[in-house]
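Peer 1: These protein sequence lines are chains L and C, in that order. Numbering-wise (our numbering), the first sequence opens with residue 6 and increments by one. Numbering-wise (our numbering), the second sequence opens with residue 141 and increments by one.
Among these hints, one or two may not hold up.
Listed next, the in silico DSSO-like pairs over lysine-lysine satisfying Cα-Cα at most 27 Å (straight line) [as the list claims (entries may be wrong)]:
(1) K172(C) - K12(L)
(2) K175(C) - K17(L)
(3) K197(C) - K17(L)
(4) K153(C) - K17(L)
(5) K175(C) - K12(L)
(6) K196(C) - K17(L)
(7) K12(L) - K153(C)
(8) K148(C) - K12(L)
Since the hints were derived computationally from the structure, they do not count as laboratory data. Predicted model only: the values in this text are computed from it and were never measured.
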Amino acid sequence: MTTAEQKVLILKSNISTYADLLQVRHPLDHHPGITRWNIDLDDCDHVIRIVTPNLSVSDIQEIVNSNGYQCSELE
Amino acid sequence: MRTRNEQKELLVKEKAIELLVRDGFEGFGMQKLAKAAKISPATLYIYYSDKDDLIKKLGVELGNRMSEITLEGFAGTMSLAEGLKKQWENRSKYWLEHSKEAMAYEVIRHSPHGQYVTSVAASHFKPVMKEFAHNAIRNKELRPMPFEVYWAIAYGPLYTMVKFHLEGSPKGDKHFAFSKKLMYEALELILKALKP
Numbered sequence: 006m007t008t009a010e011q012k013v014l015i016l017k018s019n020i021s022t023y024a025d026l027l028q029v030r031h032p033l034d035h036h037p038g039i040t041r042w043n044i045d046l047d048d049c050d051h052v053i054r055i056v057t058p059n060l061s062v063s064d065i066q067e068i069v070n071s072n073g074y075q076c077s078e079l080e
Numbered sequence: 141m142r143t144r145n146e147q148k149e150l151l152v153k154e155k156a157i158e159l160l161v162r163d164g165f166e167g168f169g170m171q172k173l174a175k176a177a178k179i180s181p182a183t184l185y186i187y188y189s190d191k192d193d194l195i196k197k198l199g200v201e202l203g204n205r206m207s208e209i210t211l212e213g214f215a216g217t218m219s220l221a222e223g224l225k226k227q228w229e230n231r232s233k234y235w236l237e238h239s240k241e242a243m244a245y246e247v248i249r250h251s252p253h254g255q256y257v258t259s260v261a262a263s264h265f266k267p268v269m270k271e272f273a274h275n276a277i278r279n280k281e282l283r284p285m286p287f288e289v290y291w292a293i294a295y296g297p298l299y300t301m302v303k304f305h306l307e308g309s310p311k312g313d314k315h316f317a318f319s320k321k322l323m324y325e326a327l328e329l330i331l332k333a334l335k336p
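Bound conformation, chain L alone (with noise of 0.2 Å):
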C-alpha cells in the first residue's frame, strides 16, 4: 500500500456518543474501501475521518445514514 494515493475525508455528523459509536463501527472497519477510520467524539461536529484510497463523502454518507446517523462534508 502506498500512502500517496491515500486521501482523506473529513465529515460532521450527529454521532455523539460512544453507543452511537459502536452502531457505525462494524460497517466502518470491515470496508474494503476504508484504510483507517476515526470519530472525534470530543468535538462539537462530531467530525469523521475517514483515510481511503478510492471511496468518496457520499459513499461514506451512504455508509453512514444506512445506519441510522446523518453526516456531510465538513466546509
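Starting from the known structure of chain L, arrange chain C on it as the hints suggest.
Peer 2: Okay, now just chain C, sitting in the frame of chain L:
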C-alpha cells in the same frame, strides 16, 4: 483532494503552542485551534486525526527539541563541573529562548499523554544524563545520593531562578533579572554542595 502545506502546518503548531500555554490541556480544542490558525476545521483534521493525536505528535516534537538543545555540546563523559556548567547553560537557554515551547511541553507532560510523550521523545536523553552522574560518582566528584536528591540540588536552583525571571520573584514588586553572572555564581555553590 486536500494536500498538506508545510507553511500551514508550522502555523498550526505555533498556534497550538500558544493555546496550550494560555488555556491548558483541558481548555484546548480542535475548533479553537482552527479558528486561531485561521484555517477550516476540516483542514486541521487532514493533519491530525483528533486532539489526542495532535497533542501526542506535538509533545514528541517538543520533547525531541528540548533534548536536542539540552544535549548540545554535552557528553556523559565530561567532568561534573564542566558538564553541569554546560547543562545549566543549555537548560537556561532552552527556557529563555524557547519559553513558549518549554511551557507548552510542560503542559503536555502533565496531561494524560505525558507518559507516552516522555517515553517516545528524548529516548537518548536519560541514558546520557545517567552516564554523566555515574561517572561523576566513580571519579569521586559527586557524593552518592538518591537520584531525586541529586537532581533537586543540581538543577532545582537553576529552574527556580529561571522561573523567577519569567514569572516574577517571591519579593513581588521587584523584577528579578536572570543573568549569566548570577548563574555561574550559583553554580559554584551547587558544585560545592555536591562534592563528596
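Peer 1: Indicate, hint by hint, whether the structure satisfies it.
Peer 2: Status of the hints after comparison with the structure:
1. K172(C) - K12(L): 25 Å, holds
2. K175(C) - K17(L): 17 Å, holds
3. K197(C) - K17(L): Holds. K197(C) to K17(L) sits at ~23 Å (cutoff 27 Å).
4. K153(C) - K17(L): 23 Å, holds
5. K175(C) - K12(L): 24 Å, holds
6. K196(C) - K17(L): 23 Å, holds
7. K12(L) - K153(C): Roughly 22 Å separates the two Cα atoms, so the pair holds.
8. K148(C) - K12(L): 18 Å, holds
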